[in-house]
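Those protein sequences? They're chains V and D, same order as listed. Letter 31 of the first sequence, counting from 1, is numbered 31 in this note's numbering, and no numbers are missing. Letter 22 of the second sequence, counting from 1, is numbered 22 in this note's numbering, and no numbers are missing.
Everything labelled a hint here was simulated from the structure, so no lab data went into it. Some hints could be false.
To be verified - Mimicking BS3-like on lysine-lysine, the simulated pairs with C-alpha atoms at most 30 Å apart in a straight line are:
1) D/Lys102 x D/Lys78
2) D/Lys122 x D/Lys102
3) V/Lys128 x D/Lys122
4) V/Lys128 x D/Lys102
5) D/Lys78 x D/Lys122
6) D/Lys78 x D/Lys54
7) V/Lys128 x D/Lys78
8) D/Lys102 x D/Lys54
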Amino acid sequence: MIAGSVGTVIVGILAGFVLASVVGVVAQDFGLFSSGESPVARQYMLGLLAQNPSAVTNIRPTQDIAQRAIELQGAQQGRNTNIQPLSMTYLGGASMGSISVHIYAVGLRSGSGVDQFFPLALTVSGGKVLRSE
Amino acid sequence: MSSAATITARTPTINEARAVGTILLFVLGMAVGVIVHSFADQGPPESPYPALPKADEPQAAHDVVAAVANDDAQALSKLLSQDQLNDLDTALQPIIDVRSAKFVGAVESEGRMLSGYVVQGKTSDGTDFIVGFVLRVANDQVVGVN
Numbered sequence: 001m002i003a004g005s006v007g008t009v010i011v012g013i014l015a016g017f018v019l020a021s022v023v024g025v026v027a028q029d030f031g032l033f034s035s036g037e038s039p040v041a042r043q044y045m046l047g048l049l050a051q052n053p054s055a056v057t058n059i060r061p062t063q064d065i066a067q068r069a070i071e072l073q074g075a076q077q078g079r080n081t082n083i084q085p086l087s088m089t090y091l092g093g094a095s096m097g098s099i100s101v102h103i104y105a106v107g108l109r110s111g112s113g114v115d116q117f118f119p120l121a122l123t124v125s126g127g128k129v130l131r132s133e
Numbered sequence: 001m002s003s004a005a006t007i008t009a010r011t012p013t014i015n016e017a018r019a020v021g022t023i024l025l026f027v028l029g030m031a032v033g034v035i036v037h038s039f040a041d042q043g044p045p046e047s048p049y050p051a052l053p054k055a056d057e058p059q060a061a062h063d064v065v066a067a068v069a070n071d072d073a074q075a076l077s078k079l080l081s082q083d084q085l086n087d088l089d090t091a092l093q094p095i096i097d098v099r100s101a102k103f104v105g106a107v108e109s110e111g112r113m114l115s116g117y118v119v120q121g122k123t124s125d126g127t128d129f130i131v132g133f134v135l136r137v138a139n140d141q142v143v144g145v146n
């Protein structure tokens, strides 16, 4: 009797956990909470500012070897020139179906002390950043 | 009433109580599962970089986006330079028919302002699409499109 009750509670916990995960993923993919910042977009931006391409490998469409080499080269040059991120601000975003757009403003200081302030718009779909411009 | 009859009469009640108890335990378990998930899923990772305070939409950028949203090429041609129009064209790709343009936020840093927009529309093959672009504003003028 007690074993059966404990088993029922455990099955319920697993079902609740899986259900919450599925609802979260579906809500994210279909933009049910479109006004919020996407964890995928945030992760991408943090990897970009840390000049760590490997941190965003799993949230980006597969790239060929030349593209990956170019990216690593760019990151290495960025580290050599000692670029320092100053700020990262999420401006906002919106969703349409499974596609969402998230816009950031980034402040950087180059090795020569010049401050730059520029935007990045990320297009996210299916848990991956499809476009960054 | 005989004891056999009493047992027969009580059995459905016991079974119902047991079924209700099982359902309640399952629902309780589900609630615990959802709570555990909310702790396990921490959402976006914390940013180590500070965020700038949001600003109001600059009027110059608002006028440009109003022209885009109203499909008013005449007004747009007076508001942006040719280079900026080319940049806007690139930013709107692959949308060719704008249905709506929404301001999402703006920030300002040392006199330079970035004003972000999300545009919804249709591509050349009629597919609904969404893109984002940003207008750079300085001295109350649009000075760039990203």
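Taking the hints in turn, this is what the structure says about them:
A distance of roughly 21 Å separates the Cα atoms of D/Lys102 and D/Lys78; the hinted pair therefore holds under the 30 Å criterion. For the hint pairing D/Lys122 with D/Lys102, the CA-to-CA distance comes to about 15 Å; that is within 30 Å, so the pair holds. For the hint pairing V/Lys128 with D/Lys122, the CA-to-CA distance comes to about 22 Å; that is within 30 Å, so the pair holds. Taking the CA atoms of V/Lys128 and D/Lys102, the gap is about 23 Å. The hint holds against a cut of 30 Å.
Annotation: proposed proximity of D/Lys78 to D/Lys122 holds, straight-line Cα distance about 25 Å (limit 30 Å). Of the pairs offered as hints, the one joining D/Lys78 and D/Lys54 holds, with about 28 Å between alpha carbons and a cut-off of 30 Å not exceeded. A C-alpha spacing of about 38 Å is found between V/Lys128 and D/Lys78, which places the hinted pair above 30 Å, so the restraint is violated. Of the pairs offered as hints, the one joining D/Lys102 and D/Lys54 holds, with about 16 Å between alpha carbons and a cut-off of 30 Å not exceeded.
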